[in-house]
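J.: Whenever a hint applies, use it, and build me the whole structure from the sequences.
2 protein chains.
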Amino acid sequence: MSQAPIFQRIKDYIIAQIESGAWAEGTLIPTEMALTKTFSTSRMTVNRALRELTAELVLVRRQGAGTYVAPQKVQSTLVEIKNIADEIAARGHRHHAQLHALERIPACEMLAQQFKLKVGQHLFHSIMVHFENAVPIQVEERWVNPSIAPDYMTQDFNHVTPNEYLMNVAPLQGMDYRLEAVLPTQNIASMLHIEPSQPCLVLHRTTRSANQIATCVTMWHAGNRYQFVGGKEQSAQSS
Amino acid sequence: MSQAPIFQRIKDYIIAQIESGAWAEGTLIPTEMALTKTFSTSRMTVNRALRELTAELVLVRRQGAGTYVAPQKVQSTLVEIKNIADEIAARGHRHHAQLHALERIPACEMLAQQFKLKVGQHLFHSIMVHFENAVPIQVEERWVNPSIAPDYMTQDFNHVTPNEYLMNVAPLQGMDYRLEAVLPTQNIASMLHIEPSQPCLVLHRTTRSANQIATCVTMWHAGNRYQFVGGKEQSAQSS
DNA sequence: TAGTGGTCTAGACCACAGC
DNA sequence: CTGTGGTCTAGACCACTAT
Chain Y
1 MSQAPIFQRI KDYIIAQIES GAWAEGTLIP TEMALTKTFS TSRMTVNRAL
51 RELTAELVLV RRQGAGTYVA PQKVQSTLVE IKNIADEIAA RGHRHHAQLH
101 ALERIPACEM LAQQFKLKVG QHLFHSIMVH FENAVPIQVE ERWVNPSIAP
151 DYMTQDFNHV TPNEYLMNVA PLQGMDYRLE AVLPTQNIAS MLHIEPSQPC
201 LVLHRTTRSA NQIATCVTMW HAGNRYQFVG GKEQSAQSS
Chain L
1 MSQAPIFQRI KDYIIAQIES GAWAEGTLIP TEMALTKTFS TSRMTVNRAL
51 RELTAELVLV RRQGAGTYVA PQKVQSTLVE IKNIADEIAA RGHRHHAQLH
101 ALERIPACEM LAQQFKLKVG QHLFHSIMVH FENAVPIQVE ERWVNPSIAP
151 DYMTQDFNHV TPNEYLMNVA PLQGMDYRLE AVLPTQNIAS MLHIEPSQPC
201 LVLHRTTRSA NQIATCVTMW HAGNRYQFVG GKEQSAQSS
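Taken in order, these protein sequences are the chains called Y and L. Just so you know, we're using this note's numbering here: the first sequence kicks off at 1 and counts up by one. Just so you know, we're using this note's numbering here: the second sequence kicks off at 1 and counts up by one.
Do not take every clue at face value.
[Claimed, not checked] Derived SDA-like pairs (lysine to any residue); straight-line CA-CA distance at most 25 angstroms:
| hint | chain 1 | residue 1 | chain 2 | residue 2 |
| --- | --- | --- | --- | --- |
| 1 | Y | Lys82 | L | Lys116 |
| 2 | Y | Lys82 | L | Val58 |
| 3 | L | Lys82 | Y | Glu19 |
| 4 | Y | Lys116 | L | Gln227 |
| 5 | Y | Lys82 | L | Val217 |
| 6 | L | Lys82 | Y | Arg178 |
| 7 | L | Lys82 | Y | Val69 |
| 8 | L | Lys82 | Y | Ala55 |
| 9 | L | Lys116 | Y | Val229 |
| 10 | L | Lys82 | Y | Gly64 |
| 11 | Y | Lys37 | Y | Gly64 |
| 12 | Y | Lys116 | Y | Asp151 |
| 13 | L | Lys82 | Y | Thr206 |
| 14 | Y | Lys37 | L | Val217 |
What the hints contain is simulated information worked out from the structure, not anything from laboratory work. Being a predicted model, the structure only gives us computed values, none of them experimental.
T.: Here is the structure:
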């Protein structure tokens, strides 16, 4: 592949050294100047290759010291959980939602703590059921911080999901989540049209915006008709 | 912040334009030459800023055409599932494992299909239970392709988890996974010391190495004592 | 003090898109 | 054809690390 850009050939070479085991993790690799001579190129080109591999967590660089092979990544599986409406649309199926509750409620102690507000301050609360081709697959119970989305109560959630609406009005700053398997309450079971003995896959997610807690959401999925699926390619090189 | 590098100031400027709404998604942004003049810098510096923002999926570039604000990211939650032993160690707890089975078996039709092998070809099969402070939290049932890890049967899995061992001998190429909530079998329930009516969080994962299916694994977690948790910071800028 | 990486310049040639 | 981005050069100055 003599037609590949030089910076890419340098990256490929370094990755090959690491994958062959020749350069173990922590190994001090050749300096920019040395690679400049090996590849008969300029320092800027070598620098780009090394900088990109550093961004990809393949290398670690220390100014004044040198460039090292990064410590081994921990083995982990990244599960990507997408917006329910998009996901259904991507499968070529029809999505619709049913609003079961939309209200303004005072925060109980637990909610107040979650939102870092005082007990009794008001929150918006909504319960929706999402359908895929008329089959209920998700119950979404959500609490919203009014100072982040003051117009939450006046939205038409048949056309825009709470998710989409909040993404637009409140730029996402960060999130925490928790994923568990539990038995549904009587209420949840009836909304999902399942038996109370049927396990549910439950995702709790809290999102932050403007340095506040924007929204807490609990998503219940019937275990027998919903799974989180996905895949991932492991490629050290990109560009 | 006049001490920040120029390329970073350019990145910050572009991100600010996007976040303020001045540049909506799909907007054609100024050319490299234009930014060169705006920031009184060289084209290489502007190029670096734009190239990095492209790698970060903030921008999209089309040679000959121009640079555009990338289409909005889909809202998604990334759940990271780590190696069980590391996770327990990170909590400061003690991990140990119990080997329930380790054998060489001929592939049934279903396994043969999964591994893209012929029915009757042999696979390694293992069942382990992982304990956190003497409490069973995961049952790991695994099938391994012998051509990827011929020495699988002779490992001491009390000291190195199957996960770790396979990561070392078979560089990860990619994976597919499926996450579901189900009721345990009688067997699984007894290994996890739970009631058969207690839901389990089950992760199925298939990994590829050397263009083959390396291993299929099913991990059962007691729903009442195990959850996948995590968080994520949303930051468009990096370097 | 010598060597490393971090950043930057002012040019250059090329492939590709749109007119 | 002109203008865009993609890549590259051969220097440069600086901050930092190790000896």
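J.: State for each hint whether it applies.
T.: Here's how the hints hold up against the structure:
1. The suggested pairing of Y:Lys82 with L:Lys116 is violated, with an alpha-carbon distance near 30 angstroms, which exceeds 25 angstroms.
2. Between Y:Lys82 and L:Val58 the CA atoms are separated by roughly 19 angstroms; this keeps the pair inside 25 angstroms, and the hint holds.
3. With a C-alpha separation of about 22 angstroms, the suggested pairing of L:Lys82 with Y:Glu19 holds against the 25 angstroms cut-off.
4. Under the criterion of a C-alpha separation no larger than 25 angstroms, the hint pairing Y:Lys116 with L:Gln227 is consistent with the structure, at around 23 angstroms.
5. Restraint check for Y:Lys82 and L:Val217: the C-alpha separation of about 24 angstroms stays at or below 25 angstroms, so the hint holds.
6. For the proposed pair L:Lys82 and Y:Arg178, the alpha carbon gap of about 14 angstroms is at most 25 angstroms, so the pair holds.
7. Proposed proximity of L:Lys82 and Y:Val69 is supported: the alpha carbons are some 22 angstroms apart, at most 25 angstroms.
8. A C-alpha spacing of about 21 angstroms is found between L:Lys82 and Y:Ala55, which places the hinted pair at or below 25 angstroms, so the restraint holds.
9. Restraint check for L:Lys116 and Y:Val229: satisfied, since their Cα atoms lie roughly 20 angstroms apart, inside the 25 angstroms limit.
10. Taken as a hint, the L:Lys82 and Y:Gly64 pair is broken in the structure, with Cα atoms around 34 angstroms apart against an allowance of 25 angstroms.
11. Between the alpha carbons of Y:Lys37 and Y:Gly64 the distance comes to roughly 20 angstroms, so the proposed pair stays at or under 25 angstroms and holds.
12. Pair hint Y:Lys116 plus Y:Asp151 holds up; C-alpha atoms about 21 angstroms apart against a cutoff of 25 angstroms.
13. A hinted pair counts as satisfied when its Cα atoms are at most 25 angstroms apart, and L:Lys82 with Y:Thr206 qualifies at roughly 21 angstroms.
14. For a cut-off of 25 angstroms, the pair hint linking Y:Lys37 to L:Val217 is broken: about 46 angstroms separates their Cα positions.
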